[in-house]
Each structure stands twice: as C-alpha cells, then as structure tokens.
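Trainee: Here are the chains, one letter per residue:
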Amino acid sequence: MEETKKLWKKLRKKVTQFMTKNLFKRDKVKYVYKSKKGLDEGVVIDISARKNEPKWMLQRRLDALSLYEKMPIPKWGGDLSPIDFDDIYYYLKPVEKAGKTWEEVPDAIKNTFEKIGVPEAERKMLAGVKSQYDSEVVYGSIKKSLAKKGVVFLSMDEGLAQYPELVKEYWGKVVPMGDNKLAALNSAVWSGGSFIYVPKNVEVGLPLQAYFRINAESAGQFERTLIIADEGSKLHYIEGCSAPAYSTASLHAAVVEIFVKKGAKVQYSTVQNWYKNVYNLVTKRAWVEEEGEMRWVDGNLGSALTMKYPACILAGRRAHGEMLSVAWAGKDQHQDTGAKMIHLAPETTSQIVSKSISKNGGRASFRGLVQINKGAVGSRSKVTCDALILDKLSRSDTYPTNKIMEEKVVLEHEATVSRVSEEQLLYLMSRGIDEKEAEALVVNGFMDPVVKEIPMEYAIEINRLINLEMQGSVG
Amino acid sequence: MLEINNIRVQVEDKEVLNGVNLRVDRGEIVALMGPNGSGKSSLANTLIGNPRYRVLEGKIKLNGEDLLAMKTDERASKGVLMAFQQPVAIPGVTVREMLLAALRSDGKKMSALELKKMVYAEAQKLKIDETILTRGVNDGFSGGEKKKLEILQMRVLKPELLILDEIDSGLDVDALKLLAESIMEMVKEEKMSVLVITHYQKLLKYLVPDKVTVLKRGVVVDGGDKEIVEKIEKKGYAIYD
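Here the protein sequences come in this chain order: V and G.
Per the numbering used here, the very first residue in the first sequence carries number 1; after that it's consecutive.
Per the numbering used here, the very first residue in the second sequence carries number 476; after that it's consecutive.
Source of the hints: derived by calculation from the structure; they are not laboratory data.
Some clues are possibly wrong.
Straight-line Cα separation of at most 27 Å, DSSO-like style, residue types lysine-lysine; simulated pairs [unchecked claim]:
{"hint": "1", "chain 1": "V", "residue 1": "Lys436", "chain 2": "G", "residue 2": "Lys680"}
{"hint": "2", "chain 1": "G", "residue 1": "Lys584", "chain 2": "V", "residue 2": "Lys436"}
{"hint": "3", "chain 1": "G", "residue 1": "Lys592", "chain 2": "V", "residue 2": "Lys452"}
{"hint": "4", "chain 1": "G", "residue 1": "Lys591", "chain 2": "V", "residue 2": "Lys452"}
{"hint": "5", "chain 1": "V", "residue 1": "Lys124", "chain 2": "V", "residue 2": "Lys173"}
{"hint": "6", "chain 1": "G", "residue 1": "Lys652", "chain 2": "G", "residue 2": "Lys701"}
{"hint": "7", "chain 1": "G", "residue 1": "Lys633", "chain 2": "G", "residue 2": "Lys680"}
{"hint": "8", "chain 1": "G", "residue 1": "Lys701", "chain 2": "V", "residue 2": "Lys436"}
{"hint": "9", "chain 1": "V", "residue 1": "Lys392", "chain 2": "G", "residue 2": "Lys546"}
{"hint": "10", "chain 1": "V", "residue 1": "Lys124", "chain 2": "V", "residue 2": "Lys97"}
{"hint": "11", "chain 1": "V", "residue 1": "Lys37", "chain 2": "V", "residue 2": "Lys234"}
What the simulated footprint calls covered on chain V by chain G, stretch by stretch (three residues with Cβ under 8 Å from a Cβ of chain G suffice, anywhere in the stretch; the number is not a length) [as the list claims (entries may be wrong)]:
{"hint": "12", "stretch": "424-432"}
{"hint": "13", "stretch": "437-451"}
Computed footprint of chain V on chain G; a stretch qualifies when at least three of its residues, placed anywhere within it, have a C-beta under 8 Å from a C-beta of chain V [said to hold, decoys possible]:
{"hint": "14", "stretch": "481-492"}
{"hint": "15", "stretch": "540-548"}
{"hint": "16", "stretch": "618-624"}
All C-beta atoms in this analysis are idealised placements derived from N, C-alpha and C, irrespective of residue type, glycine included.
Using the sequences and the hints, build the whole thing.
Mentor: Listed below in structure tokens is the structure:
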C-alpha cells in the first residue's frame, strides 16, 4: 500500500514535470538525410534503396503509389483540405543507425525522450522500448529474458531485413494497400514502426512500448507496425506520441496490422497527444482467430484532426474484439474516431465503449461499424457511446452502422449525449468544491470506465492532460 | 447563527418567496412546514445559492456574515450543508473521491486512508450497503440509499447548519429513525443547527423541533413551538386558508 502510494506520488510528479517541460518545442537536430518535399516515384525508389530493401518490397511500394495517386481524398469524416501534400517531407532520417543504448542516441534527440520519461519507464515498467524520431527508429531495446524466449521486437525495417519471409506473408494482409488512400500512401512511403513476434504460449508480462515523435516542420510520419501473436501467447503494446508546435500541417499516417492467433490475447493501447497542427489519419486492424482476444484502448487528446477506426476481424469461433476509447476535442480540434467489429465466425463477441468530450468549439464524432456475417451464429455485440459536451460552442455526432446478415445474434446499442448539468455542478459545489474542480470531477468520472483500463502511468497522463485542457493552460 | 430577513425570491418569472423571516440559533432544530408549493424548497435552494433562485430583496446572514454575497462552494466552506430532496447522480465519481475533494477545498487535512476508514464506519452505522460506496455517487441508487448517503456526507463534512430538504420522502420508518438518530448525535455533540423541511409530521417525531415555522404561498403563516405540528396533523393546512 505504502509502496503503491509512493510510486503514485512519484509518477504524478514526473508527469507534472513532463507537462511543464516544453515538449511542443522543436529540437535542433541535423538530419542525416531529408527527401525533397512532395512525392513521386523517385522519392519512393530512393527510400527503398536507402533501406536496401528486397525488390518485392520496392514493387509493393510502387504498386501502392500508383493506387494512392488514383484514389480520391476521402470526402467524409474531417476536413483534409489544410494538408498540402506537395509541401511535406515524406522521408526524414535523423540518425545513421538505431542505438542499442541511450548513449548511442544523439543528445538533442535523447533529451526529448528523457523529458518524456522513456528511459526511466523502460527501466521500471517496460519489457522493451522503441523510440521513433520522424521517419526512423532511433533507439530500441528488449529485455534479455524475453529475447531468450524468442520474442522479437524490432523496428519494421529491421524486421524486414531479418524476417523477410514473415513480413512477405503478413505485411498488407489485413490492411491491403488499396484499403484507403492513406493506407496506400503509407504502403508506398512507410518507414519505421514496430515488428513484433511473440512465440506460442509465451506471455510478455510487462508491456512493450513505442514512442513516436515528429520533430521537423512539414513532416510526414508513416510508421508501419506488424504484430504477430502466435497461439496462446499474450502481449500488451503501448504507443505514445508528441510533436512540437508548428503552424503548418504535419501528417501522421500509420498502418498497424495485428494477427492474433488461436487463443492469443493482445492489448494495444494508444495515448495520442499530437500538437494541434498534426493530421492523424491511421488505419489499424486486427485479425483474430479462434478464441483469440484483441483489445484496443485508445486515448485521443491531441491533433487537429484524427480519423481512426481500429478494427477487429473476428475470424475464428469465439474470437473476441474490444475497443475502449476516450477522445478529447478542444479548440480547433476534430476527433473523428470509432471502431469496426466484423464477425465472420460463430459465437464471436465484441464490445465498443466510446467516450468523448468536447469543449471550446471542439468536435467529437463517433463512427462505428458492427458487421455480423451470415453464419456467425450466436454472435453478440455491444456498442456504448457517450458524449459529454461542455459548452454551447462544441459539437458531438454519432454515426453508427450495423450490417447484420445473420438472425441468431444479439446486438445492443446505447448512445447518450450529455452536458455537465447545472444540477451536478450545484451538487458538488454545495459540498464545498469550486466550480472548475466540480467540472473536472464530472469529466474524470465520465472517462473513468475507459481510463482505468489504461496502464497507471498513462492513465495519470490522460487525467492530467484533460485537467490541464479544462483549465485552458495548454495550447 | 442564521438570520433570514424579509427575503423575496424569484424563479424564472414567478415569485416564490414574498418576504420571509426566519431565525435558527446554534444547536437548534427548526422545522419548516407547509403544503406542496408553499416555497419550502425554494428557501432551501436560496440558502445554498442555487443560481436559478434570484433574490429580489432581503438579507441572509450566517454568523453575522452576508451569505448572499457568497458562491455555493463558499457557503459550504462556511458550514452550510444541504441534504437534497433528489440528489443528482455523478457517474464515475465515488463518494470518497467527492468527499476528499470537498475536504481538500476546505483546507481540512485528512488522508485518503483516514477518510476511507471513516466512510466505511459511518456506512456501517447507517446500514449502507458497502457495494454502493464503490459506485458513482447516487448512480443507480434507490431512493433510500440516496438519502442515507446524504447523511453519511453530513457525518464526514460536519456542517454547522444542516438543511434537510424532504429527507423523509421514500424512507421507511426504520431508516428514518436511524437517520434521525445520526442527526441528533451531531446536534448534541457538535451543536449543529438543523433546518428541517417537511410537509409530514412523521420525521418530527424523531427529530423534535425547538421551533416550527409554517409557510404558505411564499409567506410565513404561522410560527411557534412543536404544538403546531400536532395542530397541522389534526386539522391539515386548510386552517391557514
């Protein structure tokens, strides 16, 4: 008890320090290589050549590029017009080679990760770390005990070099390059991201963490993550992110593919705190086999616009998919988030819990899809989405879609939109709590069901960030 | 300790109190009675500073200080606590989290652990099911549980003036007795003052008032000692028509 309290106190202090140190400042880094602005075949060939990739990967990149060029920019969701696709650096290489110890990482970069607390967290509570800076992973580690058990945690580039057969088989399998325009773009110019393989029946007790930072102005970050959790294995992966304050739009278009084999369990937690110039357009999808469990936990606090709808394809009998998300939309922010649950097999189950808060003119949209195919007998799905709107300037929308092609299934849907009521504020204030804190209490209570599923350190971070946003002291 | 002087109050466009005077001394139990719509709850809401209730005229003083100049939370830190007739739910916020925030805003030092012990001990005395303590305040509580939780908060926050707004509605006799005993203990030990709002006499059997004031249509129509309670029980409020 005493120990926990101490740890809690310490973490709180750290998060406070983290918030007060200005992470929204640019680090002065000299890049080893910067591609020219804009995108053409030459840029793609150049990226692939610099990475010494096999020919088939270059071919996939070029195929993806031609798809990307043909596909229209999505007209639904948020406003993408502020992104000038010709004014973006598609590849920015900060270092020659990823470090295996922090000493090998250049100071300017290392300091930023120090501020965020990555090395400290790594020592105390993580099984492995990847830190990506613009286009490349600059640091990577994994606990020896895990490596001995055959757990692979590499950057995607290293994964491709060391496990080409696995990558060739799984890369682009659950998110095909033509899935959507941004997935096509990622497939053409991807760089960095994580490659993880967990062998049969191996449980990775502590989480693996990846931290992403966009540092350069007008940068594009296109990491690509592939996770294969073999039969009966267990993994928790966490990602966090940050970026300095720029006035021009930056683009983050990632693709994450996860394969959850028979009886495996994967949790993928994200705490997204991009600066308000970042367009965060991410495709995340998991393929879940028999009795496998996939859980997405997603906190979206930053960015100008986020469009992200993590999906679970429940392909094996009794597979389970879950999405717990909390979104904060403040001034000039649009969080267009949701989830997709595709039930292909009998007795599959899914749950979506979405919580959003909008304030100061922010807009939070929930976009969800539950699809139950013919033959997925006995499947069940439950969708709960609650929106909290804190003032009259702000907005919340819900766009649920259900495609049910099987009769013997159960689908529940609950949606609420609420405002922090005057009655709630009066009640709390009548207990001696001032108005701002009363509002914060109501908001924290509202988020509680999702936040408590996030590892403690990140949960505190989310609570703190939201409390800071409520006080208007950030951004 | 509390002096209400010629108070006139409006809700939306309707005047609900038309010049009410009332006095509650330290350690005193004052009953405020009257039929539905007489303005009893309006007076309670005015006392805690509910912004929907606009004061047009008059003064309210608490220990000599101008209560009307204070915000709701300031009034609470001066020792005013109301047990609500219909307490609102705060999902995801437990009673301990709320009380801790309340104690801290008030500058009172109590550790989370001390508070936990206290809350559980009081819950046991008030026969509150422990499982509701881990849920959001009033979230899915029964009527009786809500009322008990209001009194539990009183035990922790130790107000100087407790306002009971129809605490008796939705309570069975056993629960009513239990709550009344808990309140009486605070009156005796802490010299807490109580303003009991009710339109039944049931509660007043256990919480015997020192004084009784009767309101009707926003004005005081009667005042005196507990004999008035019996009078109303026998003849009803019709005697004030």
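Trainee: All hints are to be evaluated individually against the structure, with a verdict given for each.
Mentor: Cross-check of the supplied hints:
no., hint, result
1, V:Lys436 / G:Lys680, "violated (41 Å)"
2, G:Lys584 / V:Lys436, "holds (21 Å)"
3, G:Lys592 / V:Lys452, "holds (23 Å)"
4, G:Lys591 / V:Lys452, "holds (20 Å)"
5, V:Lys124 / V:Lys173, "violated (35 Å)"
6, G:Lys652 / G:Lys701, "holds (18 Å)"
7, G:Lys633 / G:Lys680, "holds (23 Å)"
8, G:Lys701 / V:Lys436, "violated (43 Å)"
9, V:Lys392 / G:Lys546, "holds (23 Å)"
10, V:Lys124 / V:Lys97, "holds (26 Å)"
11, V:Lys37 / V:Lys234, "violated (41 Å)"
12, 424-432, "holds (count 8)"
13, 437-451, "holds (count 10)"
14, 481-492, "violated (count 0)"
15, 540-548, "holds (count 3)"
16, 618-624, "violated (count 0)"
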